Amino acid sequence: AQSVSQHNHHVILSEAASLELGCNYSYGGTVNLFWYVQYPGQHLQLLLKYFSGDPLVKGIKGFEAEFIKSKFSFNLRKPSVQWSDTAEYFCAVNARQAGTALIFGKGTTLSVSS
Amino acid sequence: DAGVIQSPRHEVTEMGQEVTLRCKPISGHDYLFWYRQTMMRGLELLIYFNNNVPIDDSGMPEDRFSAKMPNASFSTLKIQPSEPRDSAVYFCASRASGRYNEQFFGPGTRLTVL
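From first to last, the protein sequence lines stand for chains A and B. Reading the first sequence from the start, the letters are residues 14 to 127 in our numbering. Reading the second sequence from the start, the letters are residues -4 to 109 in our numbering.
Just chain A, same shape as in the assembly:
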């Protein structure tokens, strides 16, 4: 069965610090990978996605993620966080075949102090 692990439950950073959130998945086949963000009191929004091609994908608001197939990882990064990045971040994966659902990690809460 597919599973997604997010190693950090809660990350606390100061503004301008760099961010890296870990995500590992377990699935032997080809996958699509996603990072979603949930701002306080809001619904999930897509930050970025990887389907194929360049393993370094860029998303909205300066976020990027790198797919490392050999490590089954899809870590999220941002060189300089802002207070407005305070949110919960979810990594998700689905098998690249029609008709499959997303499996989410437990989420990482990011708190950025100004």
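It should be emphasised that the hints constitute simulated quantities derived from the structure, not laboratory data. It should be emphasised that the depicted structure is a prediction, and the values quoted were computed from it without experimental measurement. Each hint should be verified, as a subset may be incorrect.
Lysine-lysine pairs mimicking BS3-like chemistry, simulated, CA-CA at most 27 Å apart [stated by the list, open to error]:
1) B:K19 <-> A:K84
2) A:K74 <-> A:K119
3) B:K19 <-> B:K73
4) A:K119 <-> A:K71
5) A:K62 <-> B:K19
6) A:K82 <-> A:K71
With chain A's structure known, arrange chain B on it following the hints.
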């Protein structure tokens, strides 16, 4: 497009009452997903539909939960009878068919069962 629409946004009910949550997917999307989000378990997939047909309901916790999709623009998730442990945020999401499409989430329904 208005995005995925869910109603109600908040629901407070007493144990034993029937609860019905509603979802309108994005027009043209033929996949619809119901998720439940709790602090303890994170985001869990409950059930998903393709072309109004339930494909995987293995995440539905027990017989008290049921979901229907009578047409392409409407789905319901019903809990009868409700219990305090059902308190959670319930999200609906939809996706267009194809291997490379992401899910779009609704704003969620925050359910509190007293």
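Check each numbered hint against the structure and report the violated ones by number, ascending. 1
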